[in-house]
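Visitor: Chain by chain, the residues run as shown.
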Amino acid sequence: MINLSINTAILISAAVAILTSLLYLREYFLRKKIYQSQRKISQIKLQKIAQLLAAAEEAETQVLAEGSFATKKLLAEFKIQLQNIVKDSQQSINSSQNQLIKFMERLQDTSARFEEASKISGEKRINELFERLESKISDFLIQTEQKTTSSIDLELKAARQLIETYRNAQLKLIDENIVAMMEQTLNLVLAKKLSLKDQLDLIYEALEKAKTEKFIV
Amino acid sequence: MQDLLNSILKDTYSISELKHRLRILKNYLSESFFGGQKVELTGVEDTNWLKSLPAQFFQSINKDNIYNIFTNLEADVKKLTILTMYLTFEPDTTTISQIGTFARKNFGPSLLLDIKFDPNLIAGTALVWKGNYQDYSLRSKMAQKKEEILESFKKFLR
Chain L
1 MINLSINTAI
11 LISAAVAILT
21 SLLYLREYFL
31 RKKIYQSQRK
41 ISQIKLQKIA
51 QLLAAAEEAE
61 TQVLAEGSFA
71 TKKLLAEFKI
81 QLQNIVKDSQ
91 QSINSSQNQL
101 IKFMERLQDT
111 SARFEEASKI
121 SGEKRINELF
131 ERLESKISDF
141 LIQTEQKTTS
151 SIDLELKAAR
161 QLIETYRNAQ
171 LKLIDENIVA
181 MMEQTLNLVL
191 AKKLSLKDQL
201 DLIYEALEKA
211 KTEKFIV
Chain B
218 MQDLLNSILK
228 DTYSISELKH
238 RLRILKNYLS
248 ESFFGGQKVE
258 LTGVEDTNWL
268 KSLPAQFFQS
278 INKDNIYNIF
288 TNLEADVKKL
298 TILTMYLTFE
308 PDTTTISQIG
318 TFARKNFGPS
328 LLLDIKFDPN
338 LIAGTALVWK
348 GNYQDYSLRS
358 KMAQKKEEIL
368 ESFKKFLR
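Quick mapping for you: the protein sequence lines, in order, are chains L and B.
Going letter by letter, the first sequence gives residues 1 to 217 in the working numbering.
Going letter by letter, the second sequence gives residues 218 to 375 in the working numbering.
Worth flagging that the hints you see were computed from the coordinates, not collected in a lab.
Fair warning: this is a prediction, and the values are worked out from it, not measured in the lab.
Glycine included, every Cβ here is placed at the ideal spot set by N, Cα and C.
Where hints are given, some of them may not hold.
[What the hints assert, rightly or not] Where chain L lies over chain B, by a calculated footprint (3+ residues, C-beta under 8 Å):
hint, stretch
1, 291–304
2, 315–325
3, 331–340
4, 348–357
5, 360–367
[Said to hold, decoys possible] Covered stretches of chain L (in silico footprint by chain B; criterion: 3 or more residues with CB under 8 Å from a CB of chain B, positions within the stretch not fixed):
hint, stretch
6, 169–182
7, 186–198
8, 203–211
In isolation and in its complexed conformation, chain L is listed as follows (with noise of 0.2 Å):
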């Protein structure tokens, strides 16, 4: 029964590698096939490749020569071109410089007359400033002075009556100092010098006059 097997086993064994043999051959052909054919086709297009570079080269070789007429062509119309425009340039810058020039011109010219426009203004201007200035000075200063004087007169009336008074209090302090002297030396000297009869009669002529002027009724 093993015996059995084993065979049974052996060929199918035996089986598998032919058909994997088989098989093997069979990818190995369609491989060398699929080869073979990919080579050709890359004959073809290499072929095809070096063709193409052929005619680009021809083309290029063509499309150079062409180009360097067309450069050439176009550096003589572009430096037509160019030196038109220069002129025409050349032709603008000049007229605007002229512009600018007199526009210069004209600027410095009015600037010169706003210049003396303004100079003039400014002296009518500064004159008449000074003109109300001397003006109002004036009417200050005169101001000023009448005030002035006018302080002046009563700081000088105030002095005076203050003097005037201070004078009379001076005065009227010495006369009451004569007077009292006089009556103290009176006092002194009649004390001394005036008789009884003498005193009696200022006495009875007191009493008379005080009986005149009926001071004793």
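With chain L fixed as given, assemble chain B onto it according to the hints.
Guide: Same frame as chain L, now just chain B:
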């Protein structure tokens, strides 16, 4: 009563003198009627004055009416008009008599003087009558003529 007062006032001119004389008279009469302390007279003047009083004066007073009489006399004295005189000296009795005689001649017989001393008056007198003061002294005259005096003095100084 008026006769008694008139007798006393006859030679009495000042209020101080009157009071003095009334006091010595009262003391003298009291001593005469009732005895007791003897009256000390201040001088000959008092004695002379007592002697100068008339006899009727003493006859009208006795020990029964003496106090009434003096009470009435003192009351009457208060009613007398007094002239106050400010003098610059102290007058003696004679001078007071001279002034009093002159004053009574001008203002009435019962006038009494009240003599006061004021040396500031310089000379003359100042009077007070019924409360009013009037200066008739030399000081007053000087004050009235103060400006003239000052002017004269100033002229003298120049």
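Visitor: Name the hints, by number, that the structure is in violation of.
Guide: none
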